[in-house]
Amino acid sequence: MKRIVILGGGTGGTMMANMLSKKLSSREAEIVLISNSPRHQYQPGWLYVPFGWEEATDLSRPLKDLLRRDVHLHIDAVKSLDHLGKTLQLESGKVLAYDYLIISTGSHIHPEQVPGLAEGGDHFYSEAGALRLREKLNDFQGGRIVIGVGGLPYKCPVAPLEFTFLLDDYLRRRGLRDKTSLTYTFPINACFTIPTVADMAQRLLDEKGVTVETFFNLETLDPTLRIATSLEGSEISYDLAVFIPPHRGAEFLWNHPIADADGWIDVHRSTLQSKVAPEIWAIGDTTNLPISKAGSTAHFEGPVVAAHVVAAVRGQEAESKHAEYDGHVMCFLEVGEDRASLLDFNFAGPPRPKEPSTLVHYQKILFNHAYWHLVPTAVI
Amino acid sequence: MENLTIAKESDARGSFCPGPLMELIRMIKAGTVGEVYAILSSDEGSKKDIPAWINKAGHEYLGSEPAEGATRFLVRKAK
Chain R
1 MKRIVILGGG
11 TGGTMMANML
21 SKKLSSREAE
31 IVLISNSPRH
41 QYQPGWLYVP
51 FGWEEATDLS
61 RPLKDLLRRD
71 VHLHIDAVKS
81 LDHLGKTLQL
91 ESGKVLAYDY
101 LIISTGSHIH
111 PEQVPGLAEG
121 GDHFYSEAGA
131 LRLREKLNDF
141 QGGRIVIGVG
151 GLPYKCPVAP
161 LEFTFLLDDY
171 LRRRGLRDKT
181 SLTYTFPINA
191 CFTIPTVADM
201 AQRLLDEKGV
211 TVETFFNLET
221 LDPTLRIATS
231 LEGSEISYDL
241 AVFIPPHRGA
251 EFLWNHPIAD
261 ADGWIDVHRS
271 TLQSKVAPEI
281 WAIGDTTNLP
291 ISKAGSTAHF
301 EGPVVAAHVV
311 AAVRGQEAES
321 KHAEYDGHVM
331 CFLEVGEDRA
341 SLLDFNFAGP
351 PRPKEPSTLV
361 HYQKILFNHA
371 YWHLVPTAVI
Chain G
1001 MENLTIAKES
1011 DARGSFCPGP
1021 LMELIRMIKA
1031 GTVGEVYAIL
1041 SSDEGSKKDI
1051 PAWINKAGHE
1061 YLGSEPAEGA
1071 TRFLVRKAK
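Taken in order, these protein sequences are the chains called R and G. Position one of the first sequence corresponds to residue 1 (our numbering), numbered consecutively onward. Position one of the second sequence corresponds to residue 1001 (our numbering), numbered consecutively onward.
Bound-form chain R, shown alone:
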């Protein structure tokens, strides 16, 4: 019997554990899931927390409740990975051997990488950060707000746009929009990476009276003078700065032979298999692929990784339907006033977003609630 170890209790890891448990019998494989938290977080929900439109307590559930009974869950953290000896050293002192390893340890924020960001900036990329921003917005009575990307890569690439649209909506509802200037910044020479989406978003930003500053890669934040400076040399004064902090992979992967300095695992883009260790796969944010770090990416990668791991356990070829990942990503784009659009794309072509509608917004709200029953459980 083979032992499959899965690292990470987020979207990718939880889904992989359940998917493999369904596909493989207990005689074929033992499935072990290591998570450093007993709770599974629904991170996309943090977007709504600063406005009081979601409660942080509703966005996490016990991981154990989401797992099939034959998945062995250990709450522990990885100290080191010996990919040649195929063993993991855990923080508890245990050493765990594996035959196949699936790494889904995600991406983690590091505001300390940008001078002044931890002290002077806010974000909604953690439960604590979203709650702190809620308090600041509650106290806010008007002024200058700047929004942007504090470092690359970052997960959920549309989130700064969504936050800007929802913030405009929130300030209008509170009667503060006339007393507030909003400046949206973005690292490249457009308000978003995909031209079809950027065209639509730019029109909406213009309609909402949001100033847009492009080619803005945050270099420093001065919390005393309240000035954000970009590496391109521009400066923006602010009263409230909302910047997505830079992300890194899990610490045990920093400078590991299977990953780069920031811990992003080098994988084959069609199979998600490590280029260094063939018995290791990575899924979701933890790969080095230049694609969206998002739950939906992990969701669409899942069947591919499962097909290859099952094939490896059985000594077969991966089943053809899921043999290759095609770059599929799907993201909702909230634009405020209870309207949203949907971006659906893969390596073959960019999304063709439809005009934002109330229907898609409510599909997003419905998905936020249905997520628990459908995605980590590997129902869809």
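Simulated from the structure, these hints should not be mistaken for lab results. Treat the hints loosely; a few may be bogus.
Only pairs whose alpha carbons sit at most 30 Å apart, straight line, appear in this in silico DSS-like list of lysine-lysine [unchecked claim]:
| hint | chain 1 | residue 1 | chain 2 | residue 2 |
| --- | --- | --- | --- | --- |
| 1 | R | Lys2 | R | Lys64 |
| 2 | G | Lys1048 | R | Lys208 |
| 3 | R | Lys79 | G | Lys1008 |
| 4 | G | Lys1048 | R | Lys354 |
| 5 | R | Lys86 | G | Lys1008 |
| 6 | R | Lys208 | G | Lys1056 |
| 7 | R | Lys275 | G | Lys1008 |
| 8 | G | Lys1056 | G | Lys1029 |
| 9 | R | Lys354 | R | Lys321 |
| 10 | G | Lys1056 | R | Lys275 |
| 11 | R | Lys354 | G | Lys1047 |
| 12 | R | Lys136 | R | Lys23 |
| 13 | G | Lys1048 | R | Lys79 |
| 14 | R | Lys208 | R | Lys275 |
Covered stretches of chain G (chain R as the covering partner; in silico rule of three or more C-beta atoms under 8 Å from a C-beta of chain R) [unchecked claim]:
| hint | region |
| --- | --- |
| 15 | 1031-1037 |
| 16 | 1044-1052 |
| 17 | 1064-1077 |
Here are the computed distance ranges between Cβ atoms for each label pair [claimed, not checked]:
| hint | chain 1 | residue 1 | chain 2 | residue 2 | range |
| --- | --- | --- | --- | --- | --- |
| 18 | G | Gly1034 | R | Thr224 | 32 to 38 Å |
| 19 | G | Gly1058 | R | Val379 | 46 to 52 Å |
| 20 | G | Asn1055 | R | His110 | 49 to 55 Å |
| 21 | R | Lys354 | G | Thr1032 | 30 to 36 Å |
| 22 | G | Ala1007 | R | Ala128 | 34 to 40 Å |
From the three backbone atoms N, C-alpha and C, an ideal C-beta is built for every residue, glycine too.
Let chain R serve as the given structure and place chain G on it in line with the hints.
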């Protein structure tokens, strides 16, 4: 450009989000001054966007060449 030593190359063919330019900015920010970085892009817009950012950010654009059905852009981190 055959004499250049490329420190790191990223394959961003078919990457619409975050896209080739964001991937290049990530590599340059994480990189070492003086080293050369390469990005493979299948996005036509890269031919304008990538040199424009390199110029704005003060790095050295070394040119582009056809590669693997796409275009390889080369840049030296200057600061």
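To see whether the hints hold, each was checked on the structure:
Between Lys2/R and Lys64/R the CA atoms are separated by roughly 22 Å; this keeps the pair inside 30 Å, and the hint holds. Of the supplied pair hints, the one linking Lys1048/G and Lys208/R holds, its CA atoms being roughly 29 Å apart against a limit of 30 Å. Simply put, Lys79/R and Lys1008/G have alpha-carbon atoms about 28 Å apart, close enough for the 30 Å limit, and the pair holds. Distance check on the hinted pair: Lys1048/G and Lys354/R sit about 27 Å apart at the alpha-carbon level, within 30 Å; holds.
For the hint linking Lys86/R to Lys1008/G, the alpha-carbon distance of about 27 Å falls within 30 Å, and the restraint holds. As the CA atoms of Lys208/R and Lys1056/G are separated by approximately 28 Å, the hinted pair is consistent with the 30 Å bound. This hinted pair checks out: Lys275/R and Lys1008/G have alpha carbons roughly 15 Å apart, not beyond 30 Å. Under the criterion of a C-alpha separation no larger than 30 Å, the hint pairing Lys1056/G with Lys1029/G is consistent with the structure, at around 14 Å.
With a C-alpha separation of about 29 Å, the suggested pair Lys354/R and Lys321/R falls inside the 30 Å cut-off, and the hint holds. Restraint check for Lys1056/G and Lys275/R: not satisfied, since their Cα atoms lie roughly 35 Å apart, outside the 30 Å limit. Proposed proximity of Lys354/R and Lys1047/G is supported: the alpha carbons are some 27 Å apart, at most 30 Å. This hinted pair does not check out: Lys136/R and Lys23/R have alpha carbons roughly 48 Å apart, beyond 30 Å.
Among the hinted pairs, Lys1048/G with Lys79/R is inconsistent with the structure: their alpha-carbon atoms are about 44 Å apart, more than 30 Å. For the proposed pair Lys208/R and Lys275/R, the alpha carbon gap of about 46 Å is over 30 Å, so the pair is violated. Counting residues of the region 1031-1037 of chain G whose C-beta lies closer than 8 Å to any C-beta of chain R gives 0; at least three are required, and the coverage claim is violated. Evaluation of the coverage hint for the region 1044-1052 of chain G: fulfilled, as 3 residues show C-beta separations to chain R shorter than 8 Å, against a requirement of three.
Chain R is given as covering the region 1064-1077 of chain G, and this is violated because 0 residues of the stretch bring a CB closer than 8 Å to a CB of that chain, at least three being needed. Separated by about 34 Å at the C-beta atoms, Gly1034/G and Thr224/R satisfy the suggested range of 32 to 38 Å. Checked against the hint of 46 to 52 Å, the C-beta distance between Gly1058/G and Val379/R comes to roughly 51 Å, which is consistent with it. The hint said 49 to 55 Å for the Cβ distance between Asn1055/G and His110/R, and at roughly 29 Å that hint is violated.
Look at Lys354/R against Thr1032/G: about 44 Å separates their beta carbons, and that is not inside 30 to 36 Å. For the pair Ala1007/G and Ala128/R, the beta carbons lie near 37 Å from each other, so the given range of 34 to 40 Å is met.
Of the hints listed earlier, those the structure fails to meet are numbers 10, 12, 13, 14, 15, 17, 20 and 21, in rising order.
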